[in-house]
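K.L.:
For the protein sequence lines, the chains are A and B, in the order given.
Per our numbering, residue 534 is the first one in the first sequence, and the count goes up by one each step.
Per our numbering, residue 534 is the first one in the second sequence, and the count goes up by one each step.
Be careful, since some hints might not be right.
[Said to hold, decoys possible] List time: in silico SDA-like cross-link candidates among lysine to any residue, alpha-carbon distance up to 25 angstroms: (1) 575(B) x 576(A); (2) 575(A) x 754(A); (3) 583(B) x 548(A); (4) 575(B) x 578(A).
[As the list claims (entries may be wrong)] Simulated restraints on C-beta separations: (5) 726(A) x 554(B): 49 to 57 angstroms; (6) 590(A) x 659(B): 51 to 59 angstroms; (7) 706(A) x 781(B): 40 to 48 angstroms; (8) 550(A) x 662(B): 30 to 38 angstroms; (9) 726(A) x 662(B): 15 to 23 angstroms; (10) 736(B) x 659(A): 49 to 57 angstroms; (11) 762(A) x 754(B): 56 to 64 angstroms; (12) 726(A) x 549(B): 49 to 57 angstroms.
[Said to hold, decoys possible] Here chain B is said to cover these stretches of chain A; the calculated rule only asks that three of the stretch's residues, wherever they fall, bring their Cβ under 8 angstroms from a Cβ of chain B: (13) 590-598; (14) 635-644; (15) 679-691.
Since the hints were made in silico from the structure, they are not lab data.
Predicted model, so just to flag it, every value in this text is computed and none were measured.
Ideal Cβ placement from N, Cα and C applies to all residues, glycine included.
Below, each chain spelled out in residue letters.
Protein chains: 2
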Amino acid sequence: MKKLSIIKIGGNLIDNESLLNNFLNDFAQMDGLKILVHGGGKLATQLADKLGIKTEMHQGRRITSSENRDVVTMVYAGLINKKMVANLQAKNCNAVGLSGADANCILSQKRPVKSIDYGWVGDVEQINISFIKLMLENEFVPVFCAITHDGKRNLLNTNADTVAAELAMAMSKDFDTKLIYSLDKKGVLADVNDNNSTIKSINLEQYQALKLNGTINKGMLPKLENCFRALANNVSIVRIGDGDVLKEDSELFTSLIRK
Amino acid sequence: MKKLSIIKIGGNLIDNESLLNNFLNDFAQMDGLKILVHGGGKLATQLADKLGIKTEMHQGRRITSSENRDVVTMVYAGLINKKMVANLQAKNCNAVGLSGADANCILSQKRPVKSIDYGWVGDVEQINISFIKLMLENEFVPVFCAITHDGKRNLLNTNADTVAAELAMAMSKDFDTKLIYSLDKKGVLADVNDNNSTIKSINLEQYQALKLNGTINKGMLPKLENCFRALANNVSIVRIGDGDVLKEDSELFTSLIRK
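Excised from the complex, chain A in its bound form:
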């Protein structure tokens, strides 16, 4: 099977123009088949503020009213996605910017209302890989934002970490797939205040322990859930690191290990 790298770039890297540009340099230079998935950064919240639209978060997830959905669609699928594509094209990387609605690549279900009504938030139901495969086979580089759709005209705001993991799981049927989460830290830290405290590897049992003792918490929890779910579903390698994790000779990152 051919090797495929799926890289998710997080909000904090996107907000910093020079970090982002360095990251895109490294991404453009990576050999082999690759897909980029990006989150949104603070731009959507800033735009909502300017427009007087209230931003409400619950456990790090955006409660997405109709107005908020328009904002994230504009910022993620429009501004961030197309700026990245234009930047990658200038670096000779033949990027194609996509949402999950395009070619019906990512079909989601609007999250059912339980104790919280998340609004227009989607949970991934199905990845249709035919278009993605066609692109990879023809040397195009898909760049996904985390806007998906429900097949019934509705766009849905979807968690970018989950989109990356779901893409990796779906693609691993046809490709030897590596999933990389790239953030502004050198991996999962033993001490959140010490950027030199990267944990080199974590298996499922260690993850449970680190969760219990509070070392891993907040936003890192759902990210690691995605990592172990990907590993349990045939994704070969899962790593968390900063921009340098893309480099061949990179050494400092966290490897997630199946057993």
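Since chain A is already given, all that's left is putting chain B on it; use the hints.
P.N.:
Using the frame of chain A, we list chain B on its own:
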């Protein structure tokens, strides 16, 4: 050669949700290979107003400051494009939303500053049809907004009528190409105040006369320039009409004729 229809939908149709939905119904049902190109409507100006960003127009073209470019990228490439794609997908039309930066499909040059500095406005230099052909061959339906790029990281705001005409000219090398401009009027009108005064056909000579006597003016002038340029460059059929122009049995529209 296989037949290909390139349809450009104008601003006024986009602004009206029910007209737009009817149009997308007809577009989804069209047989054969097809590409949709859309303009922006009033949404970009409305968003700019809300954000306190000044909108300046010169002869119907937007003077595009950096801030204005962000606005049109968000609105055209994000909101309008992805909403259309999600709508078409719900109508079983396998749409893929694109800007000219994606797959380097449309390369433009920033308009040189002469008496007017248009800012980040692009004039189309080159259409790269390989990705577009790949999509058409695999039964995907490209949906282009009129944001292009210069290959040097810069997104450029580009006239959607021109994008449609340039796409039609480029594709006519490999396809028997029809170019249709769909607007909120039943074609070119002999009397702008009478929507029943559609001129059934106009050749180049007649166009010059209609231009001289003022029947054709304002925004219709550059549109017709694009039409005759397309006809002079191997595009087979060029029509201007309303949403009904897509229907097989449509009779009321303006045909542009080479000689």
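K.L.:
Against each hint, give a clear statement of whether it holds in the structure.
P.N.:
Going through the hints against the structure:
1. 575(B) x 576(A): 23 angstroms, holds
2. 575(A) x 754(A): It holds: about 20 angstroms lies between the C-alpha atoms, which stays within 25 angstroms.
3. 583(B) x 548(A): It holds: about 23 angstroms lies between the C-alpha atoms, which stays within 25 angstroms.
4. 575(B) x 578(A): 24 angstroms, holds
5. 726(A) x 554(B): 49 to 57 angstroms: 53 angstroms, holds
6. 590(A) x 659(B): 51 to 59 angstroms: 44 angstroms, violated
7. 706(A) x 781(B): 40 to 48 angstroms: 41 angstroms, holds
8. 550(A) x 662(B): 30 to 38 angstroms: 33 angstroms, holds
9. 726(A) x 662(B): 15 to 23 angstroms: Since the Cβ atoms of residue 726(A) and residue 662(B) sit about 54 angstroms apart, the hinted range of 15 to 23 angstroms is violated.
10. 736(B) x 659(A): 49 to 57 angstroms: Check passed, 52 angstroms falls within 49 to 57 angstroms.
11. 762(A) x 754(B): 56 to 64 angstroms: Given range 56 to 64 angstroms: holds, Cβ gap about 58 angstroms.
12. 726(A) x 549(B): 49 to 57 angstroms: Once the Cβ atoms are compared, 55 angstroms apart, the range 49 to 57 angstroms for residue 549(B) and residue 726(A) holds.
13. 590-598: violated (count 0)
14. 635-644: holds (count 3)
15. 679-691: Result for this restraint: holds, n = 7.
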